[in-house]
Amino acid sequence: MAILKKGKGAFAGGGLVLFDEVQEAMKAENVLKKAEYPVRLVAPPPELRRGCDLAVEINLVEQPGIERLLKQKDVCYLEIRPLKGRDAGILEIVRVTDFSDWLMVKAANMKLTFEKKSGKIVNTSGGGCPDIPVMHAELLEKRVDEAPRPADIGYTLCALMLDRAMEESRSLWKAGGGA
Amino acid sequence: MMLIAGTVPIEGMPLTFGTVSAEGGYLLVGGQRVPCTQGTGAMVGAALATTGYLKLEAPQALLAGDTGQGQGSRAIYEYLIENVAELAPEVLALHYWLPDMAQTRLLCAAIEKCARRPVLIADAASMYSAKAAGLATDFDIFTPDSAETAFLADPDATHPAYVRFMLFNNTEKMPELIKAAYEHKNTAKLLLVKGAVDYIVKDGKIIATVNEPDVPMMEPIGGTGDTITGMVSAFVGAGLEPHEAAIIAARANRMAGKFAEVTPATRAGCVIDQLPAVFAKYLCEWSGVCATGGVE
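Chains as they are written, first to last, in our numbering: chain A, 1 to 179; chain F, 180 to 475.
Be careful, since some hints might not be right.
[Claimed, not checked] Taking lysine-lysine pairs in the DSS-like style, the calculated list, with each CA pair at most 27 Å apart, reads:
| # | chain 1 | residue 1 | chain 2 | residue 2 |
| --- | --- | --- | --- | --- |
| 1 | A | K116 | A | K142 |
| 2 | A | K116 | A | K174 |
| 3 | A | K120 | F | K437 |
| 4 | F | K437 | A | K84 |
| 5 | A | K84 | F | K368 |
| 6 | A | K116 | A | K84 |
| 7 | A | K142 | A | K84 |
| 8 | F | K358 | A | K116 |
| 9 | A | K117 | F | K437 |
| 10 | F | K364 | F | K352 |
| 11 | F | K358 | A | K84 |
| 12 | A | K84 | F | K364 |
[To be verified] Partial pick of chain F residues on the chain A-facing surface, computed with a CB cut under 10 Å:
| # | residue |
| --- | --- |
| 13 | G247 |
| 14 | A447 |
| 15 | Q453 |
Note that these hints are calculated values from the structure, not bench results. All residues carry an ideal CB built from backbone N, CA and C; glycine is no exception.
Hey, can you work out the whole structure from these sequences and the hints?
Printed below as a string of structure tokens:
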């Protein structure tokens with residue numbers, strides 16, 4: 001069976017990229033379509049209108065990968081916002097659980113656990129997006145301050161939450177490994 | 180037939196459909212070797228361990244490689260939308276994929292056309308897309324953790340990263356979240372909330388909790404929630420009612436963690452390896468499944 005092409009069929013995104021200028025919105029649409037992201041140009045609702053009258057609707061879950069691509073291609077955008085719960089921002093709270101020799105750091109639905117003594121990542125868990133098992137394999141046995149950042153290698157909001165957990169883990173490790 | 184659909188972390192692996200078997204610590208599906216690790220692999224592995232113990236037909240799996248950019252996910256959506264009526268699974272369990280509200284709507288519409296509607300189970304991002312698309316009530320079973328339950332309780336969030344409040348493992352507040360999820364019609368008919376205390380909820384009412392054995396070191400282990408969903412799917416496929424399947428799966432997962440003497444560094448495969456021993460010791464007592472070959 002062949003893998004089907006991306007971007008076919010209907011689209012319901014859940015997120016908007018907002019711009020100052022119409023030209024940047026059109027450039028973003030072009031860049032994202034070339035990378036096979038399902039997107040469409042839309043008029044932002046009045047309460048979300050910041051700069052121009054054009055926005056790009058995206059699948060909100062793909063926000064981290066899209067932000068990285070737009071930055072790589074020098075596309076200037078103002079911000080990315082969810083279409084529902086428009087005043088909501090990305091969750092910033094993290095919680096740390098002490099398992100004696102290990103610390104588990106949890107950010108939203110994602111967890112990263114490292115060994116206090118060595119700083120090695122011993123497990124990641126939670127989430128449900130397809131890049132998470134990839135990162136599970138990529139991060140294990142690496143030190144928290146040497147492992148790649150999920151925000152740099154992932155594409156989804158699950159990856160972004162794992163990155164939040166890694167950021168806190170690095171701080172804890174730098175401050176003495178939580179020991 | 181029980182069908183599990185989801186992505187696996189193998190770049191370029193094409194859409195693959197077939198009966199699941201195991202070989203040397205890997206799963207075999209349609210000639211592809213899939214690691215039994217966090218995600219769909221762990222779910223399929225636990226389902227296979229369960230059907231294997233019960234001497235039932237092995238699960239069917241629809242898998243595709245996806246490293247986060249969505250190609251494999253879209254292949255799975257489109258194949259299911261086109262073929263689910265013909266495949267006619269009795270149980271359809273959806274797992275890791277890139278959440279896509281439009282594709283989820285098309286899939287639910289296709290499922291409605293099945294001559295016999297499958298028992299519909301979702302975990303991980305397939306649960307996110309079902310909720311975000313407003314189709315949670317089309318599903319029979321969701322298996323969220325505490326953070327994902329907060330997501331289901333939030334009427335606006337389309338992903339757990341955008342939840343307005345997060346209680347993590349605050350078990351005292353969990354009944355409130357469960358109530359809110361049902362009030363907003365953002366959950367399946369049956370909910371198995373995985374956490375320090377596992378809640379089994381039917382149509383909004385908490386009908387059971389499971390908190391023994393207490394193995395807190397299972398929480399950091401990637402894939403130990405996936406194993407519960409795999410077992411739930413297999414037990415439903417074996418003929419148990421969804422709430423019975425959920426209670427037994429929650430108990431068995433905890434006991435497998437205890438048998439494996441897990442630490443936060445344990446891998447999910449070690450927990451799955453213990454399932455046959457757990458079933459041999461406890462399944463008759465818990466379920467009435469006292470001989471292999473099906474539910475008595």
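Now the hints, each set against the structure:
{"no.": "1", "hint": "A:K116 x A:K142", "result": "holds, 13 Å"}
{"no.": "2", "hint": "A:K116 x A:K174", "result": "holds, 11 Å"}
{"no.": "3", "hint": "A:K120 x F:K437", "result": "holds, 24 Å"}
{"no.": "4", "hint": "F:K437 x A:K84", "result": "violated, 42 Å"}
{"no.": "5", "hint": "A:K84 x F:K368", "result": "holds, 24 Å"}
{"no.": "6", "hint": "A:K116 x A:K84", "result": "violated, 40 Å"}
{"no.": "7", "hint": "A:K142 x A:K84", "result": "violated, 38 Å"}
{"no.": "8", "hint": "F:K358 x A:K116", "result": "violated, 38 Å"}
{"no.": "9", "hint": "A:K117 x F:K437", "result": "holds, 25 Å"}
{"no.": "10", "hint": "F:K364 x F:K352", "result": "holds, 19 Å"}
{"no.": "11", "hint": "F:K358 x A:K84", "result": "holds, 21 Å"}
{"no.": "12", "hint": "A:K84 x F:K364", "result": "holds, 16 Å"}
{"no.": "13", "hint": "G247", "result": "holds, 3 Å"}
{"no.": "14", "hint": "A447", "result": "holds, 9 Å"}
{"no.": "15", "hint": "Q453", "result": "violated, 17 Å"}
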